[in-house]
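Using the sequences and the hints given, assemble the complete structure.
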Amino acid sequence: MERIDRSLPDAGRMWRNPSLRRLAATLGLVLALAIAFIVWYGYDSAEKLKKEWLDKEAAALGNMAETHPEWAEAWLKRLTDNKDISPDDIAKGREFMERYGMTEEIAADWLPALGEYRSRTFWTLIGAALLLASLAAWLMFREYRRQLSDIRKLALAMEDTVKHNRPMSFRMYAEGELGLLANSAQELSMRLRQTNEQLQQDQTFLKDTVADISHQLKTPLASLMIYIDLLREGNVDPEHTAEFLETCRHELDRMEWLTLTMLKLARLEANALELNIADASLAATVRQALNSIERLAENKQVRIVTDDDGSGREWIIPHDPHWLAEAIGNLLKNAVEHSPHGGLVTIALSTTPVFVRLLIKDEGSGIDARHLPHIFKKFYRTSSAGSGVGLGLPLAKSIVEKHGGILSAASIPSGGSVFSITLPHHKLPAGANASKLTEL
Amino acid sequence: MNVIQVDGLSKSYGTGSTKVNALHQVSFGVNQGEFVAVVGASGSGKSTLLHMLGGLDKPTDGYVHIDGENLYALKEKDRAVFRRRKIGFIFQAYNLIPVLNVEENIQLPLLLDHRQPDKAYVDDLIRTLGLHERRKHLPSELSGGQQQRVAIGRALAYRPAIVLADEPTGNLDSANGREVIELLKLAVRQYHQTVIVITHDMNVAAEADRVLNLQDGMLLNDTHSRGKAL
Numbered sequence: 001m002e003r004i005d006r007s008l009p010d011a012g013r014m015w016r017n018p019s020l021r022r023l024a025a026t027l028g029l030v031l032a033l034a035i036a037f038i039v040w041y042g043y044d045s046a047e048k049l050k051k052e053w054l055d056k057e058a059a060a061l062g063n064m065a066e067t068h069p070e071w072a073e074a075w076l077k078r079l080t081d082n083k084d085i086s087p088d089d090i091a092k093g094r095e096f097m098e099r100y101g102m103t104e105e106i107a108a109d110w111l112p113a114l115g116e117y118r119s120r121t122f123w124t125l126i127g128a129a130l131l132l133a134s135l136a137a138w139l140m141f142r143e144y145r146r147q148l149s150d151i152r153k154l155a156l157a158m159e160d161t162v163k164h165n166r167p168m169s170f171r172m173y174a175e176g177e178l179g180l181l182a183n184s185a186q187e188l189s190m191r192l193r194q195t196n197e198q199l200q201q202d203q204t205f206l207k208d209t210v211a212d213i214s215h216q217l218k219t220p221l222a223s224l225m226i227y228i229d230l231l232r233e234g235n236v237d238p239e240h241t242a243e244f245l246e247t248c249r250h251e252l253d254r255m256e257w258l259t260l261t262m263l264k265l266a267r268l269e270a271n272a273l274e275l276n277i278a279d280a281s282l283a284a285t286v287r288q289a290l291n292s293i294e295r296l297a298e299n300k301q302v303r304i305v306t307d308d309d310g311s312g313r314e315w316i317i318p319h320d321p322h323w324l325a326e327a328i329g330n331l332l333k334n335a336v337e338h339s340p341h342g343g344l345v346t347i348a349l350s351t352t353p354v355f356v357r358l359l360i361k362d363e364g365s366g367i368d369a370r371h372l373p374h375i376f377k378k379f380y381r382t383s384s385a386g387s388g389v390g391l392g393l394p395l396a397k398s399i400v401e402k403h404g405g406i407l408s409a410a411s412i413p414s415g416g417s418v419f420s421i422t423l424p425h426h427k428l429p430a431g432a433n434a435s436k437l438t439e440l
Numbered sequence: 001m002n003v004i005q006v007d008g009l010s011k012s013y014g015t016g017s018t019k020v021n022a023l024h025q026v027s028f029g030v031n032q033g034e035f036v037a038v039v040g041a042s043g044s045g046k047s048t049l050l051h052m053l054g055g056l057d058k059p060t061d062g063y064v065h066i067d068g069e070n071l072y073a074l075k076e077k078d079r080a081v082f083r084r085r086k087i088g089f090i091f092q093a094y095n096l097i098p099v100l101n102v103e104e105n106i107q108l109p110l111l112l113d114h115r116q117p118d119k120a121y122v123d124d125l126i127r128t129l130g131l132h133e134r135r136k137h138l139p140s141e142l143s144g145g146q147q148q149r150v151a152i153g154r155a156l157a158y159r160p161a162i163v164l165a166d167e168p169t170g171n172l173d174s175a176n177g178r179e180v181i182e183l184l185k186l187a188v189r190q191y192h193q194t195v196i197v198i199t200h201d202m203n204v205a206a207e208a209d210r211v212l213n214l215q216d217g218m219l220l221n222d223t224h225s226r227g228k229a230l
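Here the protein sequences come in this chain order: C and B. Numbering of the first sequence is given in the numbering used here, commencing with residue 1 and proceeding in unit increments. Numbering of the second sequence is given in the numbering used here, commencing with residue 1 and proceeding in unit increments.
Errors might be hidden in some of the hints.
Cross-link-like lysine-lysine pairs, in silico, PhoX-like; alpha carbons within 25 Å at most [stated by the list, open to error]:
(1) C:Lys207 - C:Lys377
(2) C:Lys427 - B:Lys119
(3) B:Lys185 - C:Lys361
(4) B:Lys19 - B:Lys58
(5) C:Lys377 - B:Lys185
(6) C:Lys77 - C:Lys92
(7) C:Lys207 - C:Lys264
(8) C:Lys427 - B:Lys19
(9) B:Lys19 - C:Lys153
Note that these hints are calculated values from the structure, not bench results.
So, in structure tokens, the structure goes:
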């Protein structure tokens, strides 16, 4: 199974989380607001300070102009004179100011413009910081609530799934870690349902199998009982006795075959049996199947030829020779039974990069399109022809599918039918059916 | 439960006198594990239907529910993620990434979802597809049949619930085409996947559990060609 990347999320992977992106956007927004505010405030407070300073100068100048107009003019010239300020001038001025107590230690409140500026800046900045912080807090709160509510919804949906076996009502197809979690949870719920369905199917299968077996055994058992009762009563002549015993023997043989085949099929279908799949010669397996069918073919004068590209290859492919021979044998039996007297059955082997194909062709009457969809069902019989009870083909199909292959049937337009076993060179890896879940 | 449920799906292009109804009121449901063939003449709306099922194109009217999810109620971005996780695509022209080798092409859907591909599984898959010796080759170094098998591998890597195939055998000879169909059939069985194949090859349609016949954008008939064999 593929798995979620185990390494700790790096920056790129973190960035796939929508919540992280929204968080980054929030931070960006707050930062932008802060910068905008700083620009605005810096400009605005400089303007205000300038205005207040000018007012103060204007008032001083106004006073001065009334008493000493020539001083005022000189003062104004000094003010607008942007010539460099010499340290010497500063030192002289400071000395003069200090005589009146205007030192650097003086409280800013004593200078009205400065005092106002200070308190205004203080309160505006605090207010702005609070506002921005609460905006950021609100946005983050919203983001967290969104994420927590997704997690909560996921938890509720999972609880619902576990308790009521309902499909997950909350789905999420987002990128990022939460999306992966939601996806895994959904996968889990689906597997749970599949397992439940499988359990139910198994139960139905068991019930059907038991019903099938008892149904198939009831009729021969009843007739056996009648024959034995007749023989026990003793008023049967020796000629009939021999005939009855022969019939009993025949019925018992049939019952034995039926029970054995049913058991095989049941074990295969219930997965109670592990095939021993390993590289082996398919040609040898075909020969083994041929042996089992030899007598029947001889009786019907049916010739069976193997066409393997004339290469005489052994066709090494992973399979369980014992069981696959059983499947091929059943198909051959079916082909021989449906062949006309003296007919020909062809076994053809071929290979592609992915599959090995084994075709079994007969010269019978083919399969009616009506029957084609059903011939692999248990106890389905197209006609009274053939000795089978309709278990050979389902058994063959089951075996081939256990090999990870396909068994299909078709009518040949020119007459006869063809069964094809398609086996992969390499079995498709186990998937959803296996008990393994996607590892987290 | 129907894994795919389509209700009153319609798609038209253009307006007024130039309006073309590519699909008209198509409704059907598909069970999990079904192998469905969609047949019809060219221009019957087959490909349009497949695009709607895959969430590639918005319908004019109607709904597509996949795994109980209303595909077109999802946001575009979520739909893309949904598609990546739930749907595998196989196209007539293979659509492999030319600069990635076989192995990388197959693992692509996993890598896109930031998942670590399971080496053993991918390796097994590549062997099954008969591509083991070519796993380091680029698509341009492969035959058509091999390229299509890579595309199948890519569609199976995530084992999505649904595989949509648009004329997967269209560019292949009959032997390679048969192989592709058989691989899809195996996937249906092994992974309980649902496969929808668009085809005009009747041999392909004959292999399906069910055949949907489209004509002029309408569902002409829906044939279950074979009973569910045990």
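So, going through the hints one by one against the coordinates:
1. C:Lys207 - C:Lys377: 16 Å, holds
2. C:Lys427 - B:Lys119: Distance of about 16 Å is within 25 Å: holds.
3. B:Lys185 - C:Lys361: Roughly 23 Å separates the two Cα atoms, so the pair holds.
4. B:Lys19 - B:Lys58: 16 Å, holds
5. C:Lys377 - B:Lys185: 19 Å, holds
6. C:Lys77 - C:Lys92: 19 Å, holds
7. C:Lys207 - C:Lys264: At roughly 16 Å apart (the allowed maximum being 25 Å), Lys264 (chain C) and Lys207 (chain C) satisfy the hint.
8. C:Lys427 - B:Lys19: 50 Å, violated
9. B:Lys19 - C:Lys153: With a Cα-Cα distance of about 44 Å, the restraint between Lys19 (chain B) and Lys153 (chain C) is violated, given a limit of 25 Å.
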